[in-house]
Amino acid sequence: MSTPKIGIVSCSGECCVEGTISRIATRIVLEKLRPSNTVTICLPLFSIGEKGERMFAKNFATIAVDGCEKQCAKNAIEKYSGKTARSIVVSDLLKKWKMENPSPRRELNKKGVEAAAKIAEEIAVAMDDIFTRGR
Amino acid sequence: MTDPIIVIPCSGIGKAFGTIARDATYSVVEDLKKGTTETICLSLLVMGDEEAGRLVKSHRCIAVDGCPNECSKKNLVLSGAKLAANFRVVDILRDHRDLKPSAVTFIDEAGRKLAKILADKISTRIDELDQEGRVSK
Ligand code: SF4
Ligand code: SF4
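So the protein sequences, as listed, match chains A and B. The first sequence begins at 13 in the numbering used here and counts up one residue at a time. The second sequence begins at 7 in the numbering used here and counts up one residue at a time.
Read the hints as simulated data drawn from the structure, not as lab findings. Here the structure is a predicted model, which means the values were calculated and not measured. Treat the hints with caution; some may be incorrect.
Quick partial rundown of chain B residues pointing at chain A, CB under 10 angstroms, derived from the structure [said to hold, decoys possible]: (1) 32; (2) 46; (3) 52; (4) 53; (5) 55; (6) 75; (7) 113.
Okay, derived cross-link-like pairs now, DSS-like style, lysine-lysine, Cα gap no bigger than 30 angstroms in a straight line [what the hints assert, rightly or not]: (8) B:21 x A:130; (9) A:82 x B:21; (10) B:122 x A:122; (11) B:40 x A:123; (12) A:130 x A:82; (13) B:40 x A:122; (14) B:63 x A:82; (15) A:82 x B:40; (16) B:106 x A:123; (17) A:44 x B:122; (18) B:106 x A:122; (19) A:44 x A:110; (20) A:82 x A:95; (21) A:130 x A:63; (22) A:17 x B:39; (23) B:80 x B:106; (24) A:123 x B:80; (25) A:95 x B:80; (26) B:122 x B:40; (27) A:108 x A:122; (28) A:95 x A:130; (29) B:119 x A:122; (30) B:88 x A:91; (31) B:119 x A:44; (32) A:17 x A:91; (33) A:123 x B:21; (34) B:106 x B:40; (35) A:70 x B:21; (36) B:39 x A:123; (37) B:88 x A:63.
A virtual CB, placed ideally from N, CA and C, is assigned to each residue, including glycine.
Let the hints inform the model, and build the full structure from the sequences given.
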């Protein structure tokens with residue numbers, strides 16, 4: 013039987029550190045936390061891509077990882093592909109953890125990497141929840 | 007002062023190319039052309055944000071893409087942007103085959119060098135665009 017996969021799509025927002033964290037956290041899940049259960053896709057491909065890209069959220073339960081409350085990843089996935097299974101907003105979690113504005117946006121410092129690692133754990137928890145309870 | 011030029015990388019996440027496009031863009035907007043350039047979230051355009059759409063229609067834009075899919079360029083064109091130039095990391099890589107970037111999450115030494123080369127090219131193009139703008143005024 014093939015390993016079940018979940019799609020993780022980050023907004024990778026360029027405007028702010030939260031966008032950088034969304035991206036690094038997604039890569040941490042992909043490379044370290046759940047490498048055999050994770051697939052990802054470049055978000056801007058949704059609007060310009062072929063049918064294959066548009067099928068992403070239909071083929072995989074998909075978690076949107078957004079930098080801020082604008083939730084561009086969630087909205088773009090739902091506009092072009094299908095309903096997201098879960099959604100994570102980095103700025104909300106950083107606020108909850110009192111870790112706001114941890115790092116410059118270009119390259120994460122130690123605090124920024126710590127924040128990204130915590131967000132990655134949240135993504136992994138959401139993945140486990142999908143595996144247990146479904147979309 | 008002229009209107010800022012908007013530099014928008016694709017920030018692709020699958021390979022090192024998107025990371026290099028992103029780093030080169032920050033190098034331009036935060037160092038080389040600080041104050042005369044800006045960046046915005048490409049994903050805002052992708053989801054159809056009105057304000058982002060207005061901004062790219064009213065300012066000259068430079069797309070910085072990782073691969074031949076040219077997601078930034080194509081999304082800018084779709085948004086009716088004033089596209090003034092576009093760059094692709096794969097083209098820079100072709101001219102610098104000795105540099106083999108592999109890290110995606112955190113940019114590696116080869117990636118950093120490529121990003122610097124790309125940022126210098128973008129910066130030179132911005133100088134040309136400014137020159138052209140002055141001549142045609
Ligand atoms: S969700 Fe926020 S940080 Fe992410 S792309 Fe949109 S505006 Fe930028
Ligand atoms: S241009 Fe290539 S690397 Fe960049 S977002 Fe598109 S598919 Fe990904």
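Query raised in the report: For the pair supplied as a hint, residue 44 of chain A and residue 110 of chain A, is the alpha-carbon distance within the 30 angstroms limit?
Result: 25 angstroms, holds
### Query
Would the stated hint for residue 55 of chain B survive a check requiring a Cβ distance to chain A of less than 10 angstroms?
7 angstroms, holds
Given hint residue 122 of chain A paired with residue 108 of chain A - CA-CA distance at most 30 angstroms = 19 angstroms, holds
(Q) Checking one constraint from the list: CA of residue 44 of chain A to CA of residue 122 of chain B, max 30 angstroms. Satisfied? (A) 28 angstroms, holds
Q. When you check the alpha-carbon spacing of residue 95 of chain A and residue 130 of chain A, does it fall within 30 angstroms?
A. 25 angstroms, holds
Practice problem: Mind checking the CB of residue 53 of chain B against every CB in chain A and telling me if the closest is under 10 angstroms? | Solution: 4 angstroms, holds
* Between residue 106 of chain B and residue 123 of chain A, is the straight-line Cα distance small enough, at 30 angstroms or below? -> 29 angstroms, holds
Practice item. With a cut-off of 30 angstroms on the C-alpha distance, tell me whether residue 106 of chain B and residue 122 of chain A pass. Key: Within the cut-off at roughly 26 angstroms; holds.
Is residue 123 of chain A within 30 angstroms of residue 21 of chain B, Cα to Cα?
-> 25 angstroms, holds
| said: Need the status of pair residue 40 of chain B, residue 122 of chain A: alpha-carbon distance at most 30 angstroms? | reply: 25 angstroms, holds
Quiz prompt | Pair hint residue 21 of chain B and residue 130 of chain A, alpha-carbon separation not exceeding 30 angstroms | solution = Holds. Residue 21 of chain B to residue 130 of chain A sits at ~23 angstroms (cutoff 30 angstroms).
Note to self: For residue 17 of chain A and residue 91 of chain A, compute the direct alpha-carbon distance and say whether it is at most 30 angstroms.
What the structure shows: Satisfied, since the Cα-Cα distance of roughly 22 angstroms is no more than 30 angstroms.
Against the hints set out earlier in the document, violations occur for numbers 21, 22, 24.
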